[in-house]
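From the two separate chains plus the hints, produce the assembled complex.
Chains as they are written, first to last, in this note's numbering: chain A, 1 to 510; chain B, 511 to 585.
Watch out, some of these pointers could steer you wrong.
[Claimed, not checked] Short derived list, chain B residues pointing at chain A, Cβ under 8 Å:
1) K516
2) G525
3) L543
4) Q576
[Unchecked claim] Result set (BS3-like, lysine-lysine): computed pairs, CA atoms no more than 27 Å apart in a straight line:
5) B:K523 to B:K533
6) A:K221 to A:K53
7) A:K127 to B:K517
8) A:K124 to B:K551
9) B:K537 to B:K516
10) A:K501 to B:K560
11) A:K53 to B:K523
12) A:K337 to A:K46
13) B:K537 to B:K517
14) A:K296 to A:K46
15) A:K127 to A:K221
16) A:K124 to B:K516
17) A:K53 to B:K533
18) B:K533 to A:K127
19) B:K517 to B:K533
20) A:K352 to A:K325
21) A:K325 to A:K252
22) A:K337 to A:K325
23) B:K516 to A:K127
24) A:K337 to A:K352
25) B:K537 to A:K124
26) A:K53 to A:K419
27) B:K537 to A:K352
28) A:K425 to A:K221
29) A:K252 to A:K221
30) A:K501 to B:K523
31) A:K501 to B:K551
32) A:K124 to B:K542
33) B:K537 to B:K523
34) B:K517 to A:K124
35) A:K325 to A:K282
36) B:K516 to B:K533
37) B:K560 to A:K53
38) A:K127 to B:K523
39) B:K551 to B:K537
40) A:K501 to B:K516
In case anyone wonders, no lab produced these hints; they're calculated from the structure.
Where is the CB? At the ideal position from N, CA and C, for every residue including glycine.
The primary structure of each chain is shown beneath.
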Amino acid sequence: MIDVDPSLVNWSRAMFAFTAMYHWIFVPLTLGLSFLCAFFETIYLKTGDEQWKTITRFWMTLFGINFAIGVATGIILEFEFGTNWSNYSWMVGDIFGAPLAIEGLFAFFMEASFFAVMFFGWDKVSKRFHCFSTWMVAIGSNLSAVWILVANGWMQNPVGMAFNPEQARFEMESFAEVVFNPVAISKMTHTSSSGFVMASAFVLTISCWYLIKRRHVEMAKRSIVVASVFGLVASMFVGFTGDEAAYEVAQKQPMKLAAMEGLYIGERGAGLVGMGIINDAKAPGDVQDAFLYEVKIPGMLSLLANREFGSFVPGIDDLVWGNEKENIMGVNTMMEKGRHALSDLAAFKEAKRAGQEDAAAAALERFNVNQKYMGYGYLDTPEEAVPPVAIVFNSFHIMAILGSLFPVIFGAFLFFTVKGNITEKRWLLPVGLFTALLALLAQQAGWVTAEVGRQPWAIQGLMPVKIATTNLSTTSVQITFAMFAVVFAMLLFAEISIMLKQISIGPEGH
Amino acid sequence: MRISPKKVFDFYKDGFSSMTVGKTLWKIIFIKLLVMFAVLKLFFFPNYLKHNFETDEQRANHVLEQITRQVADNN
Numbered sequence: 001m002i003d004v005d006p007s008l009v010n011w012s013r014a015m016f017a018f019t020a021m022y023h024w025i026f027v028p029l030t031l032g033l034s035f036l037c038a039f040f041e042t043i044y045l046k047t048g049d050e051q052w053k054t055i056t057r058f059w060m061t062l063f064g065i066n067f068a069i070g071v072a073t074g075i076i077l078e079f080e081f082g083t084n085w086s087n088y089s090w091m092v093g094d095i096f097g098a099p100l101a102i103e104g105l106f107a108f109f110m111e112a113s114f115f116a117v118m119f120f121g122w123d124k125v126s127k128r129f130h131c132f133s134t135w136m137v138a139i140g141s142n143l144s145a146v147w148i149l150v151a152n153g154w155m156q157n158p159v160g161m162a163f164n165p166e167q168a169r170f171e172m173e174s175f176a177e178v179v180f181n182p183v184a185i186s187k188m189t190h191t192s193s194s195g196f197v198m199a200s201a202f203v204l205t206i207s208c209w210y211l212i213k214r215r216h217v218e219m220a221k222r223s224i225v226v227a228s229v230f231g232l233v234a235s236m237f238v239g240f241t242g243d244e245a246a247y248e249v250a251q252k253q254p255m256k257l258a259a260m261e262g263l264y265i266g267e268r269g270a271g272l273v274g275m276g277i278i279n280d281a282k283a284p285g286d287v288q289d290a291f292l293y294e295v296k297i298p299g300m301l302s303l304l305a306n307r308e309f310g311s312f313v314p315g316i317d318d319l320v321w322g323n324e325k326e327n328i329m330g331v332n333t334m335m336e337k338g339r340h341a342l343s344d345l346a347a348f349k350e351a352k353r354a355g356q357e358d359a360a361a362a363a364l365e366r367f368n369v370n371q372k373y374m375g376y377g378y379l380d381t382p383e384e385a386v387p388p389v390a391i392v393f394n395s396f397h398i399m400a401i402l403g404s405l406f407p408v409i410f411g412a413f414l415f416f417t418v419k420g421n422i423t424e425k426r427w428l429l430p431v432g433l434f435t436a437l438l439a440l441l442a443q444q445a446g447w448v449t450a451e452v453g454r455q456p457w458a459i460q461g462l463m464p465v466k467i468a469t470t471n472l473s474t475t476s477v478q479i480t481f482a483m484f485a486v487v488f489a490m491l492l493f494a495e496i497s498i499m500l501k502q503i504s505i506g507p508e509g510h
Numbered sequence: 511m512r513i514s515p516k517k518v519f520d521f522y523k524d525g526f527s528s529m530t531v532g533k534t535l536w537k538i539i540f541i542k543l544l545v546m547f548a549v550l551k552l553f554f555f556p557n558y559l560k561h562n563f564e565t566d567e568q569r570a571n572h573v574l575e576q577i578t579r580q581v582a583d584n585n
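One chain only, chain B, in its complex shape (with noise of 0.2 Å):
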């Protein structure tokens, strides 16, 4: 049998349509990654890091920093 993009395509169409339980799901689930990725992640999980250091050594000097600071203070 041979597969051709539109076959594919139609396969996918078939199956969203025919859903039923399927299509309170997918609104789940699409609810649930606009919260996750809009709201959660731009406003509340920024990658400390990222967001606080531009280049990959200044991230590596804070980490190393917090690491060692405080018992190098106490020695």
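The following block holds chain A by itself, in its conformation from the complex (with noise of 0.2 Å):
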């Protein structure tokens, strides 16, 4: 039994998840809304349409005020692993450092050397200089993006990396390993595509708006034809990653991937479910239906999890109790290895204070062996290696949905647009107007599938969330989320102000 309070841990996740997808609602944003911005200023270049020139500066602006708002919410979750997760932030800092060193020294000041030029640049340099300033900054708040998603990938698939027990920690075996592990890999590819959707629909939106107002309309008419192309283009490439993603899930993770899809026993040809409304009561191992309602397509999942249509995809029953079968090992095996893994580590550190130089080598011989497992030992029950399952299922299956929808929408913008009727559709305008909550909403499902999903880890199968907690009392880690919560809620209020106010203004604003 670990003696840690749940209600500590469960409020220490609850602070990190809270400004965690509070950042993630300025990234993608920027990520996708520097592109935009370059594409705007090289068809300037290009044509010497002011025009186009106006655009730029009106989107750049919101770019600016989205980037003011969001910069450095980012660095409270560098303050939360010192004060909330001070273990995991001790065992891991020599695999993170180095992903996030080169953030820094790199993409942030390639980043931050070219936005004094795109911002009071203009007339100042060559359009040509200026323009390249313009794609330094996208490309630069690109390359940031990419070193917090490898840190995250290793989260999800530690490699390239071996475990110090003198120093508790786990060392950097192998940069590229980690660099170029592919679940960091398929989620740098997934997320920042997503953020190019994000930014897309945003112009979307605000263009529709301006329409329906009948205000700018020729601004609104060229920004549309912009970011339905990029958003078309990245709302399929987003579909393609996310294929990816989610076969990278089912090898590495297929815990996460059973919770998606609600998975209960493993089955060959198993089928995917397409919609449905799954029984929120139903717990591993018992007799329950798993779904009230469900839509499956046969054989996708195993298509999907293993690109081949009869193969066995193990449910949830399966992981925890093994499947000899399919020759599948459970939780409950896996924690008796992890039990004698930690006891080793145990034994290994006393034989070390105790100068026993002999019995250490051989605790040591004998951790290595089961160290794989050690995240195990922790564990209580093997049904605790189980995320919540109605979580994972509903969020994977709002961003699924939400996801295919894109391409539609951006789509029919493209196709109107070009065609020179888009003002007489005001059926379709609304749905423009709505575009952007709907790819915000899709953007933090998409989080909550890949963090809620992988719940227990911290550190997938080497150290669960509630070895990773700093023992504090949770009274104040109470407090301080009750601090952040206004904090950001007042953050929020201004950016919203702002950028309404900046929108409502227009192009000639700037």
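And the structure:
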């Protein structure tokens, strides 16, 4: 039995989730809007048409507002690592140090040095150099995200490292393995491209508002064309990268995939749930139905998970208690191995303290045998390895359903705008008005799937969140949570107010 | 074109002085950073291990203690 106050763990998780979700309101807009500004300005550079310059400056102003309000909200996550997740942050410091340092030194400075030219340099540097600077800001912003996603990918699939039992740290053995971790790559491509969709939806929404109000019609139509092309390409790419991300989840985090699909009993030729109402009362191992209602596409889950129609996809019950026929080791077995590993780690520590080098070496040898299961040694029951299925299933399906709508929406706007009759399509404009909100919902649902889906792990299979947490008082975490709620609400109010004011003023007020 | 320090200084000076919405944004950024570093970080988010232990060896021992203690007790 691990003696950690569950409410402390939950409050620490809630605070981190709250901060990360707030941070992620701004990040995808920065990732995509920076590229859209670069596209607008490139068209201006090529055509010399002043209207494109006006368009560029307008969206650049909104990009600047979003950047200013969002900047440094990620720093709070780093504060939380040091205070609320000190065990975790000590143990992964060596792994995360390199990607985060690279982010700071390379991407951030690249971004920051061209930022001034982008905003202050109009008519002061050449058009070509200004456009180059805008592209550099876009590339720099996106490179910043790469390194954070590499760090996140490592937590989902820890590779390229070795555990140092004397230092209690995971130490990097191969930088290339960490950077080219397949989970990190699929996460990076999926997340960045979804940011492009978010920003395209944002441009579409504001442009539709102008069209409904019959203001700045020419600017709105031109903006819709560029945003729809970018959004259409990006949303199709998101589908492709989403498929790759799901494949990686199936291979590296099968429990997460089972929760995403509400699959309790594994099967060959497993179907993909297109939509369904999950039975929240269902628990692993019981005889209740997993769904109250479901629509399945036969064989598709097997194809998605293993690239083979008839292949076996393990369910939650298979993963918890094992499935000998399919050669799947259960969590119950891994718990035994994990407990041996932790016991041997403790013996190693004691032997070292007593100066008994031979005993320490023997304990270390035993520890190495079961080291990869060490995280399971902290679990109290096998069922503890199951994430909250209903949350994961619902968030995944919200993301997937919305994701499949975006190519249709962008395609329709592109078609009617190019055809020249978008302003007559009064039924379509309100759809555009809500597209940004839907994109934001899809973004947040995607992260909920990724992060709730990997519970109970802070580091997959190696460290559960309850061991990663600092043993603080729950009350102090609750107080800081409340403070963040107030500060974040104020900042969000400021952003929305300034943004709305600027949108209301229009392109003349940049 | 030669880039002198004065030209760079003037570039930033003109840029900052001609800002409109940017002035409000900078105020928000400064207030935000002040709240983060002078209040939150200082009073509410000390680095637990740096604050409570002096050397890396002590920190490593503490973490090792944390991750093995209860399981070792049970065995």
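* Asked: Any hints this thing doesn't respect? Which numbers, in order?
  -> Hint check: 1, 8, 10, 12, 14, 20, 27, 29, 31, 32, 37 and 40 fail, others pass.
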